[in-house]
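Trainee: Sequence:
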Amino acid sequence: MNRWTWALGKGLKAVLGLLVLILGMAGVFAVPASVATYPVVLPKGDEPRWVRGAFHVHTTRSDGRGTPEQVAVAAKTAGLDFVVLTDHNDFELRPPVYVQGVLLVHGVEISTSDGHLVALGMSRPLEGVRPWMPPGDAVRAVASAGGTAVLAHPVQKRNPWKDDASARQTPGFELYSADTFFRQATSNPMSRLLPAVGASLASPKHGVMLLVSPEPEPGARFLKLSREQPRVAFCAHDAHGLPHTGRSSSPWPHTCPRSRCRYRCLRTLLKRRSG
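Heads up, the sequence shown is in the UniProt record's numbering, so the first residue is 1 and it goes up one at a time.
Think of the hints as simulated: they come from the structure by calculation, not from any bench.
All C-beta atoms in this analysis are idealised placements derived from N, C-alpha and C, irrespective of residue type, glycine included.
The reader is advised that the hints may include incorrect statements.
[To be verified] Calculated cross-link-like contacts (lysine-lysine; reagent style BS3-like; alpha-carbon spacing at most 25 Å):
1. Lys-205 / Lys-76
2. Lys-224 / Lys-162
3. Lys-157 / Lys-224
[As the list claims (entries may be wrong)] Quick list of simulated restraints, FRET-style, between CB atoms:
4. Asn-188 / Pro-134: 33 to 41 Å
5. Lys-162 / Ser-62: 15 to 23 Å
6. Thr-186 / Ala-143: 32 to 40 Å
Model the full structure from these sequences, guided by the hints.
Mentor: Here it is, written out as structure tokens:
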């Protein structure tokens with residue numbers, strides 16, 4: 001046996017040993033995940049069943065892995081009633097539509113020169129909107145079209161919202177972003193990503209929840225902006241199909257009771273569900 005064969009054998013053993021160690025550690029996290037539960041808290045009184053949905057989901061119209069129809073199927077499997085689709089710079093105005101019994105609400109994620117802006121609920125086409133436009137112009141264009149603007153992942157290191165003036169004009173704020181949590185986990189593979197992967201072997205929902213970590217910065221910025229005027233906080237999936245849309249959407253559904261539901265399409269959905 002020459003030294004190259006010996007070195008190759010040692011290298012393969014080391015790699016296999018590392019894989020066994022990683023799988024063993026993942027298995028340790030899978031055991032408690034198998035008994036973890038996340039009960040759904042039901043509304044009180046005579047209020048009809050709340051609808052459950054996912055906000056900020058991408059499809060093959062931009063950089064997502066699934067078509068709108070495939071997203072609807074995944075959402076139905078996850079027990080969701082609606083999905084807000086927000087493909088990058090897809091400015092075509094589309095009406096809400098039911099697919100597989102799931103209401104697809106079409107919005108858009110606008111790439112501005114100072115961050116990403118989610119827009120939804122437009123009653124008219126967006127005018128003069130283009131990629132990398134000034135952020136203030138984008139916020140005003142959404143308002144002029146009758147829509148609601150939401151700051152997307154505003155404190156994320158990769159694509160933060162950098163313009164304070166337009167931030168004060170924007171009514172919506174992504175307080176939690178699953179995409180941000182995932183990016184943070186990939187930067188800490190042993191302490192955050194491995195436990196989540198291991199838990200996903202037994203419970204995908206628990207695996208996703210392990211990605212969640214306290215984030216004081218978005219909370220502080222949200223509260224600062226809210227001192228000037230009320231803001232709407234969103235829990236965003238920013239899903240692209242990896243991990244599977246249904247798995248990533250199920251742990252963090254948006255819920256909406258009839259009395260507090262703002263958009264007509266969602267109020268119609270509530271009426272259908274309670275009728």
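Trainee: Take the hints in turn and mark each one as holding or not.
Mentor: Here is how each hint holds up against the structure:
no.: 1; hint: Lys-205 / Lys-76; result: holds, 15 Å
no.: 2; hint: Lys-224 / Lys-162; result: holds, 15 Å
no.: 3; hint: Lys-157 / Lys-224; result: holds, 19 Å
no.: 4; hint: Asn-188 / Pro-134: 33 to 41 Å; result: holds, 35 Å
no.: 5; hint: Lys-162 / Ser-62: 15 to 23 Å; result: holds, 22 Å
no.: 6; hint: Thr-186 / Ala-143: 32 to 40 Å; result: holds, 36 Å
Checked against the numbered hints listed earlier, the structure breaks none of them; every hint is satisfied.
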